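If you read the protein sequences in the order shown, they are chains B and Y.
The numbering of the first sequence is my numbering, which starts it at 5 and goes up by one.
The numbering of the second sequence is my numbering, which starts it at 3 and goes up by one.
Read the hints as simulated data drawn from the structure, not as lab findings.
Treat the numbers as computed from the prediction; the structure is a model and nothing was measured.
For each residue, glycine too, the CB sits at the ideal point set by N, CA and C.
Keep in mind that the hints are not guaranteed to be accurate.
Stated by the list, open to error - Only part of the chain Y face toward chain B is listed, based on derived beta-carbon distances under 8 Å:
1. 126
2. 138
3. 141
4. 180
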Amino acid sequence: MAYSKELLDHYENPKNVGSMDKESEQVGTGLVGAPACGDVMKLQIKVNNKGVIEDAKFKTFGCGSAIASSSLITEWVKGKNLDEAHSIKNTEIANHLALPPVKIHCSILAEDAIKAAIDDYKKKNRKNR
Amino acid sequence: MSVSPVCWNCQSAIPPNTFLCQKCNKIQPPKKIDEFKLFGIPEKFDLDLEELEIAYLKLQRLFHPDKYSQLSDQEIKYSTLLSSMINEAYQKLSSSISRASILLKLNGFNSHSEDQSFNDPEVLEEIMDIQNNFLEAENPEQKKNSIQKLNRKISETMNSLSTSFKKKEYEVANRLNIKLSYLKKIRIDFKKQL
Numbered sequence: 005m006a007y008s009k010e011l012l013d014h015y016e017n018p019k020n021v022g023s024m025d026k027e028s029e030q031v032g033t034g035l036v037g038a039p040a041c042g043d044v045m046k047l048q049i050k051v052n053n054k055g056v057i058e059d060a061k062f063k064t065f066g067c068g069s070a071i072a073s074s075s076l077i078t079e080w081v082k083g084k085n086l087d088e089a090h091s092i093k094n095t096e097i098a099n100h101l102a103l104p105p106v107k108i109h110c111s112i113l114a115e116d117a118i119k120a121a122i123d124d125y126k127k128k129n130r131k132n133r
Numbered sequence: 003m004s005v006s007p008v009c010w011n012c013q014s015a016i017p018p019n020t021f022l023c024q025k026c027n028k029i030q031p032p033k034k035i036d037e038f039k040l041f042g043i044p045e046k047f048d049l050d051l052e053e054l055e056i057a058y059l060k061l062q063r064l065f066h067p068d069k070y071s072q073l074s075d076q077e078i079k080y081s082t083l084l085s086s087m088i089n090e091a092y093q094k095l096s097s098s099i100s101r102a103s104i105l106l107k108l109n110g111f112n113s114h115s116e117d118q119s120f121n122d123p124e125v126l127e128e129i130m131d132i133q134n135n136f137l138e139a140e141n142p143e144q145k146k147n148s149i150q151k152l153n154r155k156i157s158e159t160m161n162s163l164s165t166s167f168k169k170k171e172y173e174v175a176n177r178l179n180i181k182l183s184y185l186k187k188i189r190i191d192f193k194k195q196l
């Protein structure tokens, strides 16, 4: 099976691997999984006081497509505000990486992970105000 | 669709859960039937696998395509379809994970679907920890140890799953079944790396 150059780039040289302090008020964490293939994806965003995502990190256990999807979405959300980041669709990820149909769920996982991270951040910061 | 079916050959009524006409003994087309009813075994998680195997062999003997090869095209087709339906059902009931999914569905519980992300942080964090520990294992001895730990966790989860079915706690059973499918998937991945 031929994978796209974009996918291989992100898989062989993933961007933003790592983690941030999940207790920090600036950090939102999203943790989602796909039980059928054993994938677990943790995605974290760091938001500055202007509501812009300053940094993003991920840790993913899963197939190459899941890793590439996480790597790509962490790149995309940096510099975006929360609404912009929330509106990223899995189809954009799937198209960019040219994911084969059986791997579309990996891009859904990435979309769900970023949404979960944003929700987590909002929940934390609502409490404190 | 609730009209009870009749035999294509002699028009007598075909009782539910059977695939042979009781009057003319002709093979009948497959119809939707749950896996437990197909084999006529009790609907429970702690299945007697030997009982399942005996029921499976009995059905395969009745409907195996070899038995029908000299008969009409229609009968050959029915036996091929029935035989693969029986095989598939046997595979599903043999695996604890798919057996649990079937039971959840039969009890009206919509178990996790594939195009839906799972977001129980407690289970996911536990799975991540296990993965991290294995990655950090420095030598084969440590890797083997973490597989042994994983084995213990799998049997614990199986036991809790069985208990939750006995108590009819389907919400809990669903969560445990997802955890079990993660653990088993990870075990395969780990063993590949030994």
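Going down the list of hints, with the structure as the test:
{"no.": "1", "hint": "126", "in the structure": "holds (5 Å)"}
{"no.": "2", "hint": "138", "in the structure": "violated (13 Å)"}
{"no.": "3", "hint": "141", "in the structure": "violated (21 Å)"}
{"no.": "4", "hint": "180", "in the structure": "holds (5 Å)"}
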